[in-house]
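Enquirer: Those sequence lines, one after another, are chains A and B. Those letters in the first sequence? Residues 18 to 484, per our numbering, in order. Those letters in the second sequence? Residues 1033 to 1135, per our numbering, in order.
Worth flagging that the hints you see were computed from the coordinates, not collected in a lab. Each residue gets a CB set at the ideal place from its N, CA and C atoms; glycine is no exception. Among the hints, a few may not be true.
[What the hints assert, rightly or not] Facing chain A, from chain B, some residues (calculated, C-beta under 8 Å):
1) Ala1045
2) Leu1047
3) Val1067
4) Val1125
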Amino acid sequence: MNNIPLTIKETQDGLLKKEYSAVELVNGYLDKINKNKDLNGFLTLCENEAYSKAKNIDKLIATEDPNLVNDFPLLGATVGHKDLFLTKGVRTTAASKVLESYIPQYSGTAVLRMDKAGSIMLGKTNCDAWAHGASGENSDFGSTKNPWNKKYVPGGSSSGSAASVAAGLSLIATGTDTGGSIRQPANFCGIVGLKPTYGVVPRYGVIAMASSLDTVGSFGRSVSDVETVFNVIRGEDGFDSTVKNHSFLKPKDKMKIGIPKEYFVEGTDKEVAENVKKVSKVFEKAGIEVIEVSLPNTKYAISVYYIVQPAEVSSNLGRYDGIRFGNSRADFGSEAKRRIMLGTYVLSAGYYDAYYLKAQKVRSRLINDFDNVFDKVDAILAPVSPTPAFKLGEKKEDPLKMYLADIFTASANLAGIPGLAVPSGFNSEKLPLGFQILGPKFSEQILFKLGNLYEKETSFKPELPNL
Amino acid sequence: MVKLTKDDILHVAGLAKLEIDDSEIEKYSSQLSSVIGYFSELSEVDTKNVEPTSQTTGLENVYRQDEIKSENSFDQNESLSGSDNVHNGFFKVKAILEGRTDK
Chain A
18 MNNIPLTIKE
28 TQDGLLKKEY
38 SAVELVNGYL
48 DKINKNKDLN
58 GFLTLCENEA
68 YSKAKNIDKL
78 IATEDPNLVN
88 DFPLLGATVG
98 HKDLFLTKGV
108 RTTAASKVLE
118 SYIPQYSGTA
128 VLRMDKAGSI
138 MLGKTNCDAW
148 AHGASGENSD
158 FGSTKNPWNK
168 KYVPGGSSSG
178 SAASVAAGLS
188 LIATGTDTGG
198 SIRQPANFCG
208 IVGLKPTYGV
218 VPRYGVIAMA
228 SSLDTVGSFG
238 RSVSDVETVF
248 NVIRGEDGFD
258 STVKNHSFLK
268 PKDKMKIGIP
278 KEYFVEGTDK
288 EVAENVKKVS
298 KVFEKAGIEV
308 IEVSLPNTKY
318 AISVYYIVQP
328 AEVSSNLGRY
338 DGIRFGNSRA
348 DFGSEAKRRI
358 MLGTYVLSAG
368 YYDAYYLKAQ
378 KVRSRLINDF
388 DNVFDKVDAI
398 LAPVSPTPAF
408 KLGEKKEDPL
418 KMYLADIFTA
428 SANLAGIPGL
438 AVPSGFNSEK
448 LPLGFQILGP
458 KFSEQILFKL
468 GNLYEKETSF
478 KPELPNL
Chain B
1033 MVKLTKDDIL
1043 HVAGLAKLEI
1053 DDSEIEKYSS
1063 QLSSVIGYFS
1073 ELSEVDTKNV
1083 EPTSQTTGLE
1093 NVYRQDEIKS
1103 ENSFDQNESL
1113 SGSDNVHNGF
1123 FKVKAILEGR
1133 TDK
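Please put together the full structure from these sequences, using the hints given.
Expert: Structural data, given as structure tokens:
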């Protein structure tokens, strides 16, 4: 296959018109993955499973059933699952040596739902071990590279998912977002990523990081692809008891967007800031009112996040004892150890009130900031990260500097609200730029509408890096 | 400025059942001190009369029927499949009780 299709719709049109078979699609993707091993996007490939699924899809297509795409909204969509998603019979490592040879006995809800909707799993994607990181460099199996420039990080923690979709090694991919781990790598790799409202997509069968913040979402090359995946994976499953079937907010005819002034401060890269301003002009031209808003406690989000999150991490990683599965705790990498100790410290006797309880209270203030703003506007437009992708190694030895990369993403997790990262061009060094749209809880349809509108107004065409 | 000592690091590592060596003690005491020092900015925020947030769904006491469903259960072989340290259908673990010392 010379030109791989860039969206779900293109893929399905090609399959239904018999321009290629699903087996040929899998050939094409596996070939591309093998030619781009240096990106280190995949940790495990499942060729046999992929071909057997592709053959089933080719049989379905041969029936010429006109409802096929309705019945199987992900028909023929190749997917890489972040290696935090349990896949029955297929090794799942969380990119950690602790789970180096762990083969799950069951699959997670999102994996099962996508499989049932017709997707083809190509393999498991690299990430920061246990999803701890903003660069992909904390993987125990080597860093993933940014496909736009291999000297740069792809972002993290869902590094391999973002890099693989951006490079055309998979059509779509799954990810988890606890403090920005979908939106930030999507931003660094120039693709679309959705962090849903907390409690909308079941996390059953996904290795837990910080349970009051963890969300499950996806990557794609267009807003509509990410929306399609969201509609497949959302909703109660009877296992994740934080998930309820909610009714979603409907987009209004006349919408108003707020730009938080606290996101344009010292430390926000000039090209990043200018790009978001340019995006706001696109929305204004499309008839949407744009006003300045204030989220005054933004600067405290990192402190709150790096107390709450490691506290929950230390608890969740307590279960890895090397007895029933996995290796011993001696195999935890240095970032996992750092977070376990940080979390244990802030929860330990004598420090709980000063750190954990204080952070939980400031968390309420951050939520209150968002509530006030969403009284005035339908959505927030903001940068995803203060800078574009940074160089491999640049922040690796300085955890505090690395943690500050989460400044514009973590507050959405603390508040439980959804965020959609959308690409919007490149900087002077041809590194991707982009923006995020944040909305109140259950406003995913508003985010999709605005994202689609931006793509339409700018005649957006997905672009692949030259590899 | 918060400064975590060698003893602090060893105490926390012990609580978390992590084994760390001397070079790590130095690294972690400096890195964790800088991260925890950064948290001191939170003292600027007035949180008088502010309730803490532990989760964002507002859901409480979500129940389900306490029943066994075979499709959600593992048989013995599946349950043991994650470990090489098994014996006669059981997980093998190190002894946690030693010989009595009070005899």
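Enquirer: All hints, please: hold or fail.
Expert: Results for each hint:
1. Ala1045: holds (6 Å)
2. Leu1047: holds (5 Å)
3. Val1067: holds (5 Å)
4. Val1125: Hint holds; Val1125(B) Cβ to chain A Cβ min 6 Å, cut 8 Å.
Violation of the numbered hints given earlier is absent; every hint is satisfied by the structure.
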